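> Got chain A sorted already, so can you dock chain B onto it with the hints?
Residue numbers (our numbering), protein chains in the order written: chain A, 37 to 514; chain B, 37 to 514.
Simulated from the structure, these hints should not be mistaken for lab results. Don't take each hint at face value.
As the list makes no split between identical chains, a pair holds if one copy fits it or if it spans any two.
Listed below are the simulated SDA-like cross-link pairs for lysine to any residue, each with C-alpha atoms no more than 25 Å apart in a straight line [to be verified]:
| id | residue 1 | residue 2 |
| --- | --- | --- |
| 1 | Lys468 | Glu46 |
| 2 | Lys231 | Ala253 |
| 3 | Lys468 | Ala433 |
| 4 | Lys162 | Leu399 |
| 5 | Lys413 | Arg181 |
| 6 | Lys56 | Glu345 |
| 7 | Lys43 | Gln273 |
Here the structure is a predicted model, which is why all the values come from computation and not from measurement.
2 protein chains.
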Amino acid sequence: MWFTPDKKNELPVFRQLYEKIKFLIHSGVLKGNEKLPSSRFLSKDLGVARSTVLEAYDQLIAEGYLETRQGSGTRVVQGLVALPPPAFERSSVKSAFRGCRVGDVQSESIINFRSGIPDLEAFPQKEWARIYARVCGRLPSSSFRYSGPEGVWALREAISAYLFRMRGLKVSPGRVMITSGSTQGLAMISRLLRKTGEYIFAEDPAHTGMIEVVSRAGLGVQGVPVDEKGMDVSALQLSYSQQSNSNLAFVYTTPSHQYPLGAILPVQRRQSLVHFARENQCVVIEDDYDSEFRHEGAPTSALYELDPEVVIYLGSFSKILAPALRLGFAIIPEHMICDWKAEKMYTDVHTEALSQHTLAEFLNSGGLERHIWKMKKLYARKRNHALACLKNVFGGAVSASGQTNGLHIVVTFPDLVFTDDLVNELYEHGVKVIPVDKYSLNRNSKYAHKIVLGYSHLTHEEISRGLEIIKKVAGYAC
Amino acid sequence: MWFTPDKKNELPVFRQLYEKIKFLIHSGVLKGNEKLPSSRFLSKDLGVARSTVLEAYDQLIAEGYLETRQGSGTRVVQGLVALPPPAFERSSVKSAFRGCRVGDVQSESIINFRSGIPDLEAFPQKEWARIYARVCGRLPSSSFRYSGPEGVWALREAISAYLFRMRGLKVSPGRVMITSGSTQGLAMISRLLRKTGEYIFAEDPAHTGMIEVVSRAGLGVQGVPVDEKGMDVSALQLSYSQQSNSNLAFVYTTPSHQYPLGAILPVQRRQSLVHFARENQCVVIEDDYDSEFRHEGAPTSALYELDPEVVIYLGSFSKILAPALRLGFAIIPEHMICDWKAEKMYTDVHTEALSQHTLAEFLNSGGLERHIWKMKKLYARKRNHALACLKNVFGGAVSASGQTNGLHIVVTFPDLVFTDDLVNELYEHGVKVIPVDKYSLNRNSKYAHKIVLGYSHLTHEEISRGLEIIKKVAGYAC
Chain A
37 MWFTPDKKNE LPVFRQLYEK IKFLIHSGVL KGNEKLPSSR FLSKDLGVAR STVLEAYDQL
97 IAEGYLETRQ GSGTRVVQGL VALPPPAFER SSVKSAFRGC RVGDVQSESI INFRSGIPDL
157 EAFPQKEWAR IYARVCGRLP SSSFRYSGPE GVWALREAIS AYLFRMRGLK VSPGRVMITS
217 GSTQGLAMIS RLLRKTGEYI FAEDPAHTGM IEVVSRAGLG VQGVPVDEKG MDVSALQLSY
277 SQQSNSNLAF VYTTPSHQYP LGAILPVQRR QSLVHFAREN QCVVIEDDYD SEFRHEGAPT
337 SALYELDPEV VIYLGSFSKI LAPALRLGFA IIPEHMICDW KAEKMYTDVH TEALSQHTLA
397 EFLNSGGLER HIWKMKKLYA RKRNHALACL KNVFGGAVSA SGQTNGLHIV VTFPDLVFTD
457 DLVNELYEHG VKVIPVDKYS LNRNSKYAHK IVLGYSHLTH EEISRGLEII KKVAGYAC
Chain B
37 MWFTPDKKNE LPVFRQLYEK IKFLIHSGVL KGNEKLPSSR FLSKDLGVAR STVLEAYDQL
97 IAEGYLETRQ GSGTRVVQGL VALPPPAFER SSVKSAFRGC RVGDVQSESI INFRSGIPDL
157 EAFPQKEWAR IYARVCGRLP SSSFRYSGPE GVWALREAIS AYLFRMRGLK VSPGRVMITS
217 GSTQGLAMIS RLLRKTGEYI FAEDPAHTGM IEVVSRAGLG VQGVPVDEKG MDVSALQLSY
277 SQQSNSNLAF VYTTPSHQYP LGAILPVQRR QSLVHFAREN QCVVIEDDYD SEFRHEGAPT
337 SALYELDPEV VIYLGSFSKI LAPALRLGFA IIPEHMICDW KAEKMYTDVH TEALSQHTLA
397 EFLNSGGLER HIWKMKKLYA RKRNHALACL KNVFGGAVSA SGQTNGLHIV VTFPDLVFTD
457 DLVNELYEHG VKVIPVDKYS LNRNSKYAHK IVLGYSHLTH EEISRGLEII KKVAGYAC
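Just chain A, same shape as in the assembly (with noise of 0.2 Å):
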C-alpha cells in the first residue's frame, strides 16, 4: 500500500495524504501529466471518507501540483522538477547557538559585576500583573489595533508629568515619542541623523554596545577624553576645529552619570556644550539610563532643559523597572518629529501597546516613584556594603569613584592591571570583571587599573565574597 492512514499522527488524514502525493511529486514518482486515481475509487481503496481524498487534492490544486480538466480526471501538471524536500529534524537542541554568543547571559554561578541590571528579585511582579490584567481586559477593542509610532498617548502625557515631578522637566507630552528601550532611540537617532552628519563625537570612555548602535548606521565615532567632571568640552572643541572633516552628525553623552567612569557634567561644561551645539548646528544626545538613582540627594538637572531644540533626551525604564519590558522613551525637538515618526513606522511600527498602557497606570498611580524610592535604599544599602568590603577587604590600597549616582562604582587598583589573563583567572575563580579599559574606544592602558563594580543585581553576601575572590587571585597581601 502506497499510503496508510495514521490516525494517531498529529496531522490531519487529508494532510498526511496531502504530504504523500506532494513527495510522490517532488521525488519524480508521480510524473507530469499523469493521472491520479478518482477521488471516489480512492476513498474506498484507502478506507478513508472521499472529503478527505477531495480535501487533499483541492490542496494540491490550490498549490499547483495537480489540474483538473473537465472529462480527462485529475493529473499532475507538467514542469515540475524532481526537488526532494531538505531532510530537516525538529530538534530542540540550541545547535545554531553555538560559536556566537552575543550579549551577556549569565551562567547563574558566577558572580557578575556588570552593571546596569537592576536588582529584579524586588520587581513588583504581581503588582505589574495585576495591572496588565485589568488594562487588558478593560480597554477598547480599537487599542489593539496599530497605535501611532509616536506611543500610546496616555503613556506618553504620564511620562511628562513623572519628568516634572522627577527632574523639574517641563515637556510637552507631544515630544516624548516612546522608544522599545533606548538602544533602539539611538539606532533611530543614528540613521536619521546620518543623512546630515559623518561622524559623532562620544565619551571615551563609553558604553560600548551604545557605539556599535551608532556605528551600525554608518557614522564614524570620535572620541572625547573624560576626566573626573566628565567629558572635557574644550577637548571636545579643539578637536572639532582641527577636522578637516566638518559633517558632525551629532555627540553622545551621559551627562548626569557618565558611564562608566561616573562624573556628574558640571553647569559650565553643560552651558559650552550647549552653545558648541547652537554654534554648530549639531544635536546633543543626552543619554540618561540611570541618574534617577542619585543616592546623596535628588537626580541632577537634566542637560535636556538648557535647550531642547539642541538637546534629545533618551529615557529608559530598563533600569529603574525591568529590562525585559523594553520601555523607554526619546524627547524630540519639534523640527525632527515628523522624521522620527517615520522612521518608527518603518523600524517596528510601534512599540508594543498594552505594556505602555500598563506603564502609564502604573506612573499615574504613583506605583514607579515608590517603586524608585524602595530601590534606592535598597541599591544605597547595597552601594554601602560594597564600600565598606572595599575598605576591609582591600585597606587603603584601592580607591573608589563615581559612586554618587547609578548602579556602579568604579574601583581602581593602583598597582594591579586587569589583563586579559588576570580577567580570565578571575572568571575561573567565579568572577567576572569588566576593566574601564573595555570601554575606551582607543584602548587607553591608564584604564587598565580601573574595574566597573555593578553591584546592583548582587547579594551582600555575593558582593563580599566577589571581592575576596579578587583579592586572592590578584595577590594582595594585606
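Using the frame of chain A, we list chain B on its own:
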C-alpha cells in the same frame, strides 16, 4: 521676599528653592563669585527647615552652580553665562502631530476598506490578560532581565511546533528568531543584506510600506510584474539577465497570497524562483502575512519548505492575533544566525519578553488555533457577505479576485478609474478605498480600475453601506 515656599506645589520645597536659585543664576541676578546666605540664616529667613536649604544647596553644588570653600561660605561659581531656561508649557495639545500624519489612524465614522486589520472585537482580551497575569506572576525574577536577541526559547519551540501543525513545516526552534512584528524582520534583513547587494526584486504591485522599509536600508527596488498566478518568475529571470548591476540582495515575495492582488504562487514558479536564488546566490524573502486565513481549505504550503537555505520566512501574529502586540518571527538560514543576533542586539536588544512568554503559553494550550478557527469562520462569513453584496449592488458590472485567502478581496471596476478626485470624493462621503494603482511601484494605470476591499475589521452592515456609497458616488446605474 525673593522666595516664598509654596506648600501646595507638587514639587517639594527644597526643589522650589533649588529651582529659584538656579533661575537667579541663569538669569544673571546672582553673579559669579557672589556669596549666598548661610543655610542657618536662610532657613530662619524663609521659615523652612535648615535641612531643606542644605538639600537645595547640595544639589546646586553637585550640579556645579555653587561651590563651598573652607571659611569662605557658599558662592556662585565663576564662568557661567546668563542663559534663561526656555519657557516651555506642559500642554496637552497634540500640536506636534499636525502636518505629519504617518500611519493610518482611523476616524471612527469612516468605513475604511484598508486591508489587514483583524476583527479585534473578537480578540480574547480576558483570556490573554489571564495568561499574561499568570505568566508574569510566576516567572523567575531572572526572566525580567535582558533576554537573548533571538527571543524566548519557549516561544521559539512553540512556534516550531505550531508551524508543523499548521503548515507541515519542519523547522528547528533554533532557527526561529522572534521579531517585534514582520516590519522589523524585513528592516533587519534589509540592513544585513545591504552588505551583500545593492537592490532587490519585489512584486509589482506590492505592499508599499514594506517597500519603504527596504528603501530606507539603502537598497534599490526593481519591480517584477504580477499576473493572475502571482509573481512572473520568468520576467524576473529576464530582467535579472539584463541588469548591468548584478549585486542583487534579495527577492521579496508574498507567495501564499500575493499582496495586494491575492494570487497563490503555483509550485512551478516556486521551483523556478528557488532555482533562480540558488544559481545567483541570493536570498528569497517569503512574507507570509496572512496565509492562515485560507477560506477554501488548509493554508497552502510555504515556499520555505522548498529550500530553507535560500528562503527566509517572515511570520506575523498581527493578523491572527493583534497588531498592538508587535509579535512576529523570522526563520533564518543557519549561516545568517550570528549576524541576525548581532543586528537584533543593536536594534532593540530583544523583543519585549513577557508577551513572548504569554504567546508561548497561548500556543501550547491550543488557544491560538482555537482563535484562528473561530476567526476563519467569522471572516468567511464576512467575505461571503462582501461577495454577495458586490453582486447585489453592482450586478455583473464588477468582478472580484484574490478572495480564496486572507483578509481582503480585489474588486475590478472595468468602467471606472479610481482617480485621486474620486478617492477623495468617496472619503468625503464616508468611505476610504485604496486603488491597487497606489501599490504599483511604477504607478501602472491598468491597476486604476481595481481597489482593495479589506473586510475583516468591518461589520456586515458597514460592508453593505460602504459598497452602496461607492455605487452612488461613482454613478453606477444598475
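> Under a CA distance limit of 25 Å, which applies to Lys43 and Gln273: within one copy, between copies, both, or neither?
neither (76 Å within a copy, 44 Å between copies)
> Between Lys231 and Ala253, at a C-alpha cutoff of 25 Å, which is it: within one copy, between copies, both, or neither?
both (10 Å within a copy, 12 Å between copies)
> State whether the alpha carbon distance between Lys56 and Glu345 is at most 25 Å within one copy, between copies, both, or neither.
Only across copies: Lys56 and Glu345 sit 23 Å apart there, 65 Å inside one copy, limit 25 Å.
> Should Lys162 paired with Leu399 be assigned to within, between, both, or neither, using CA atoms and 25 Å as the limit?
Cα proximity of Lys162 and Leu399: in one copy and across copies (16 Å, 23 Å).
> Within a copy, between copies, both or neither: where do Lys468 and Glu46 come within 25 Å Cα-Cα?
Classified as neither; 47 Å inside a copy, 44 Å across copies.
> One pair to classify: Lys468 and Ala433, alpha carbons no more than 25 Å apart. Within, between, both, or neither?
within (20 Å within a copy, 74 Å between copies)
> How do Lys413 and Arg181 come out at 25 Å by Cα distance, when the copy is not named: within, between, both, or neither?
Only across copies: Lys413 and Arg181 sit 21 Å apart there, 40 Å inside one copy, limit 25 Å.
Hints 1 and 7, counting from the list given before, are not met by this structure.
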